[in-house]
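Trainee: Sequence:
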Amino acid sequence: MPPERTPAKYRQIAEHLRAGILEGTYPAGQPLPSEEVLAKQFGVTRPTVRQGIAELRAAGLVEVMMGRGMFVRSPHSRPSYTRPRGVRSDANGRYVEADGLRWTDAEEPAVTRTDAPLALADLLNIPPGEPMYTYDALQTADRGRLRQLHRTHVPFSVLLDTKYEEEAPPPVPQLYGALRDLGHDLRFTEYLRTRMPLPDEAEALRLSDGVPLLHILRVTLNGEGKPLALEEFQLPGDDLELSYNL
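Quick note on full-length UniProt numbering: the sequence shown kicks off at 1 and runs consecutively.
Read the hints as simulated data drawn from the structure, not as lab findings.
Hints should not be assumed to be uniformly reliable.
[Claimed, not checked] Computed spacing ranges between beta-carbons, pair by pair:
| id | residue 1 | residue 2 | range |
| --- | --- | --- | --- |
| 1 | Asp-115 | Glu-23 | 52 to 60 Å |
| 2 | Thr-45 | Glu-190 | 40 to 48 Å |
| 3 | Ala-106 | Pro-84 | 19 to 27 Å |
Heads up, the beta-carbon is just placed ideally off N, CA and C, and yes, glycines get one too.
Kindly generate the complete structure, drawing on both the sequences and the hints.
Mentor: See the structure below:
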C-alpha cells in the first residue's frame, strides 16, 4: 500500500483546534491561542494559520473579533450583525430597506441587456431567453465596513407600452417608485440560500477562504402576483444574521 499523505499544515492546525473544541479543551466563549502562538507551535507562517482558522469559521466553530482575537463560538451565540429584511415606504412615499442602512454604489452601476437564464425566467414567469435590463453594483455601507453585491433584472415585457420601452428604467430603489407610477401595487417575496462564493465574488466582498455567502433573491410583484423585477443580493455569511417579520 502507498504511504498515507501527510495533511497540509493548515489542515493539521484546523484538526488540532477542532479536536480541542469538541473535547472541551477550548470551551465555548473562550479565546483560542493567538496566530503567533500557533505559528510557532506548528512551524508555519501566520497566513497558514489563518487558512486553518478559516476552515473552522466556515464550520461555525470559531469567530474572530476584530482587535480581540479568536474565540470558540457557542452554538447559542449571536452574530455581530443582525439586519432586518424587507422593503417599506417612508413618510415621503419613497421605498427604503427595512434595515435602514444607506448603501452607496462603489462605482456607477453597470447597465446591460441580458437574456433570462432558465432559473431566473422561472421566478419571473417569462420564457427563457427573454431580454432583460440588468444592473450590477458593488455597494458599501457603514463607512465601507459592510459590502454587498447587488444585481437587478427587469424583463422587457414588463416595460412594453410604457415610457421605458425605449429607455432603461431607473435602478433600485427608484425602480420601485417607477413601477408604482406605472400603476402597479407592489409586494415582495425573498428566497434565501447559502453557497460558496466564486473567486471574483470573494474578492469583491473581501471574504476569507472558506467563508460562505448569503445569496438572496427578491422578486417584486404587482397586486395580481405578476413578477415585475428580480434582485440578487450577495452578502458575507460569516458574521451576519437576517431577521424577517412574519
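Trainee: Take the hints in turn and mark each one as holding or not.
Mentor: Each hint, compared with the structure:
1. At roughly 54 Å, the beta carbons of Asp-115 and Glu-23 sit within the given window of 52 to 60 Å.
2. The supplied range of 40 to 48 Å is met by Thr-45 and Glu-190, whose beta-carbon atoms lie about 42 Å from each other.
3. As the Cβ distance of Ala-106 to Pro-84 is approximately 23 Å, the hint placing it in 19 to 27 Å holds.
Checked against the numbered hints listed earlier, the structure breaks none of them; every hint is satisfied.
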